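**Student:** Generate the whole structure from the sequences, applying the supplied hints.
Protein chains: 2
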Amino acid sequence: MSAPDSIETLIDLMARLPGLGPRSARRAVLHLMAKRGMLLMPLAEAMAEVARTARDCLNCGNIGTADICPICADEARANGLLCVVEDVADLWAMERSGVFKGRYHVLGGTLSALDGVGPDDLRIPQLARRIEAEAISEIILALGATIDGQTTAHYIADQLEGRVALSSLAQGVPVGGELDYLDDGTITAALNARKRM
Amino acid sequence: MSAPDSIETLIDLMARLPGLGPRSARRAVLHLMAKRGMLLMPLAEAMAEVARTARDCLNCGNIGTADICPICADEARANGLLCVVEDVADLWAMERSGVFKGRYHVLGGTLSALDGVGPDDLRIPQLARRIEAEAISEIILALGATIDGQTTAHYIADQLEGRVALSSLAQGVPVGGELDYLDDGTITAALNARKRM
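Residue numbers (the numbering used here), protein chains in the order written: chain A, 1 to 197; chain B, 198 to 394.
The set of hints was computed from the structure by calculation and includes no laboratory data. Take the hints with a grain of salt, since some may be wrong.
Restricting the straight-line Cα-Cα distance to at most 25 Å, the calculated cross-link-like pairs of lysine to any residue (SDA-like) are [what the hints assert, rightly or not]:
no., chain 1, residue 1, chain 2, residue 2
1, B, Lys-232, A, Gly-19
2, B, Lys-298, B, Leu-255
3, A, Lys-35, B, Arg-224
Sample of chain A residues with no beta-carbon within 10 Å of chain B, all distances over it, derived [claimed, not checked]:
no., residue
4, Glu-132
5, Val-173
6, Val-175
In this text, all values refer to a predicted model and were calculated from it rather than measured experimentally. The beta carbon of each residue, even a glycine, is placed where N, CA and C say it ideally should be.
**Tutor:** Below is the structure:
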């Protein structure tokens with residue numbers, strides 16, 4: 001290969017990002033080279049800045065620049081509701097909807113016997129401790145409708161039963177969804193949870 | 198959005214890479230955050246290193262870390278053959294095949310009336326000057342088989358006619374290709390350029 005070593009190193013590292021392979025990493029690096037001042041240098045600085053400052057919130061696992069994230073530090077959000085999510089991407093998705101005004105708890109994954117992920121590998125012990133510490137009245141389990149997500153939800157529900165009210169997100173037809181394109185499982189769930197008009 | 202500003206900045210910059218959109222950029226940044234020491238920091242350093250050291254070869258337009266790239270600096274490659282390519286990605290593709298032993302000339306794009314790209318926006322004037330300076334006997338136009346690529350090849354051929362031998366890459370059935378999956382244009386080209394066995 002005729003590219004200098006420094007560029008080969010950069011391509012190898014870029015290829016390890018999700019969604020990029022060796023080919024698209026090479027294309028991305030050539031694009032970066034073409035926009036050196038506009039993109040490559042700002043990107044290098046932004047990465048160094050994030051590497052230096054970003055850290056996990058000690059309370060909920062959200063990403064922030066301080067030991068306690070802005071949501072945990074916001075007293076207005078201490079309304080007794082705690083929303084349990086798998087990862088930070090899910091927390092951001094909830095926040096984009098703007099409808100939830102309580103606090104979060106980021107598990108950091110789901111239980112998985114296959115991958116050897118047990119309760120102590122996730123932030124499940126910390127979740128139990130927050131119930132008293134923050135006077136939580138209801139825990140909303142906003143976990144994915146996957147096997148692992150639902151297994152995790154059931155495990156947490158078992159552990160906390162009787163100590164706090166538990167709920168999970170409703171299942172049904174997505175807004176804007178057409179019946180023709182829905183899978184059988186979603187239609188079954190929507191039918192079973194039908195509402196009187 | 199609940200992500201810190203530094204992370205939002207990083208997501209915005211990542212989303213400007215080819216092949217990544219806002220959604221996949223967010224996923225890539227969360228992956229980087231999860232692998233801070235293994236990936237984020239090395240990537241920031243690799244980018245800063247490339248931004249500091251990489252530059253275009255003054256002779257051929259290839260990317261290197263010196264004013265003259267290793268290929269142009271290699272006297273063994275001064276064999277009178279010059280391969281004209283659109284961009285550095287194409288040069289790398291030629292080098293991967295390992296079959297071409299001459300030097301390259303990177304145009305930096307193709308002529309395009311629609312995008313307002315004229316001969317002086319590409320390295321076409323420099324190409325003419327290299328013929329005498331490097332005693333070039335044959336110029337191989339390894340440009341894409343697209344409208345713009347072929348327009349550019351014809352323009353260069355017009356300009357240099359009589360001064361140097363000109364050739365272009367053969368068109369035909371790709372190695373491993375099945376006729377059933379080929380477009381009509383490729384089959385026509387392969388038929389017209391058929392070889393006696």
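**Student:** Now, for every hint given, state plainly whether the structure supports it.
**Tutor:** Hint check:
With a CA separation close to 16 Å, the supplied pair Lys-232 of chain B and Gly-19 of chain A stays within the 25 Å bound. Between Lys-298 of chain B and Leu-255 of chain B, the direct Cα distance comes to roughly 20 Å. Compliance with the 25 Å bound is thereby established for this hinted pair. A distance of roughly 23 Å separates the Cα atoms of Lys-35 of chain A and Arg-224 of chain B; the hinted pair therefore holds under the 25 Å criterion. With a least beta-carbon separation of about 25 Å from chain B, Glu-132 of chain A lies farther than 10 Å from that chain, consistent with its non-interface assignment.
The beta carbon of Val-173 of chain A is kept farther than 10 Å from every beta carbon of chain B, the shortest such distance being approximately 23 Å. With a minimum CB-CB distance of about 18 Å to chain B, Val-175 of chain A clears the 10 Å threshold, and the non-interface call stands.
Hint check: no violations occur; every hint is consistent with the structure.
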